[in-house]
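**Q** Sequence:
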Amino acid sequence: MWSALFGGGGASTSRRNAPTHGQGGAAPRHEHGRGRHGGPNTPRTLSLGELERLHEQVVRTQSITPANREAVVEVLRAIAEVMIWGDQNEPDVFDFFLEAQTLSHCVRLLGASTTPHASVAVQLLQSMSIMIQNIRRDTSVYYLFSNNHINRLIAYDFDFAGENEELLAFYISFLKTVSLRLNVGTVQFFYQGHASPPQFPLYTLATRFVDHPESMVRIAVRTVTLNVYAVPDEGTRQFVVHDAKNYFPAVTGALLRRCLAHDAPGSGAGAIETANAEAC
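Per the working numbering, residue 1 is the first one in the sequence shown, and the count goes up by one each step.
Honestly, the hints are just simulated from the structure, not real lab data.
Among the clues, some could well be false.
Cross-link-like lysine to any residue pairs, in silico, SDA-like; alpha carbons within 25 Å at most [what the hints assert, rightly or not]:
hint: 1; residue 1: 245; residue 2: 92
hint: 2; residue 1: 245; residue 2: 226
hint: 3; residue 1: 245; residue 2: 192
hint: 4; residue 1: 245; residue 2: 218
hint: 5; residue 1: 245; residue 2: 210
hint: 6; residue 1: 245; residue 2: 259
hint: 7; residue 1: 245; residue 2: 225
hint: 8; residue 1: 245; residue 2: 196
hint: 9; residue 1: 245; residue 2: 195
hint: 10; residue 1: 245; residue 2: 211
hint: 11; residue 1: 245; residue 2: 199
hint: 12; residue 1: 245; residue 2: 166
hint: 13; residue 1: 245; residue 2: 213
hint: 14; residue 1: 245; residue 2: 229
hint: 15; residue 1: 245; residue 2: 201
hint: 16; residue 1: 245; residue 2: 194
hint: 17; residue 1: 245; residue 2: 230
hint: 18; residue 1: 245; residue 2: 257
hint: 19; residue 1: 245; residue 2: 165
hint: 20; residue 1: 245; residue 2: 214
hint: 21; residue 1: 245; residue 2: 219
Here are the computed distance ranges between Cβ atoms for each label pair [as the list claims (entries may be wrong)]:
hint: 22; residue 1: 60; residue 2: 196; range: 38 to 48 Å
hint: 23; residue 1: 65; residue 2: 194; range: 17 to 27 Å
hint: 24; residue 1: 52; residue 2: 142; range: 19 to 29 Å
Even for Gly, the Cβ is constructed at its ideal location relative to N, Cα and C.
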C-alpha cells in the first residue's frame with residue numbers, strides 16, 4: 001500500500017482508483033443532460049447537473065451509517081470525477097462547487113459517522129488529492145484553496161490509531177499533494193501570519209510524522225518540507241526558521257536513533273542503506 005501511494009509522487013491510484021473511465025472509474029451512463037452552457041449530448045455523469053445532484057446528496061446526508069456508507073463514498077468519488085471534467089470542459093461546474101460550498105459540506109461528513117470507520121475519510125482525502133493534482137487552471141486552484149476548507153481538512157483530528165494505517169497513508173499523501181502546488185500565490189492560504197502566534201498547519205502537522213516507523217511516511221514528510229522551503233515567501237521562511245528549534249532536533253534525533261538501531265547486532269545492510277538514503 002505504501003509504495004503504491006508514494007511511489008508515483010502524487011495522489012494515489014490504488015484500490016480507490018483515480019477518476020478516469022479507462023482505469024477503474026465509473027463507466028459513462030447512456031443518459032444525457034444539459035448544464036448551463038452544456039449541449040444536449042453532455043453525459044449526465046460528467047455535467048453540471050450531475051454535480052448538482054451529488055451536492056444535494058451530500059447536503060441531505062446528516063449521518064453516516066453502515067447502511068449508507070458505501071453510497072457516501074461513491075458520491076465523494078464521483079464529485080472528484082465531475083470536477084476534473086468541469087475544469088477542462090465546463091467552467092460553470094467549478095463556479096457551482098464554490099457558490100454552493102460543496103467542499104464545506106463534504107468536510108462536514110467527517111464528523112457525521114455514527115460508528116468509527118475510516119472509509120469516508122479515506123475517500124474524501126483521496127478525492128481532494130486527485131482534484132488538487134489534476135486541476136489545470138491556476139484560478140481554480142486558487143479558489144479551491146481560498147475558503148480555508150483545505151486547512152480544515154489538514155487540521156482535522158483524524159484517528160490514526162489502531163488499524164487506520166490506510167487513513168494515515170492517504171492523509172500523508174494528501175499533504176504531499178497540497179505541498180506540490182505551493183508557490184508565492186498559494187502559500188498565503190496555508191501560512192496564517194496574522195494569527196498570534198503565526199500558524200502553518202500544513203508544515204507543522206506534516207513534520208509531526210518525521211520519526212514515523214514507516215519509511216514512506218518519513219520520505220513524504222521530507223517532500224512536504226522541501227516544497228515549503230522552496231517557496232520564496234518571507235513570512236513562510238521566517239516561520240520555518242522560528243520552528244527550526246522544534247523540527248531539526250526531531251530530525252537529528254530520529255536519524256541518531258536509526259543509526260544506533262542499524263549499528264546493533266543483527267541489523268542488515270538493507271536497513272543501513274535506508275538510513276543513509278534518508279540522511280541524504
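**Q** Among all the numbered hints in the text so far, which are the ones the structure does not match?
**A** Hints 1, 12, 19, 23 are the ones this structure does not satisfy, whereas the remaining hints hold.
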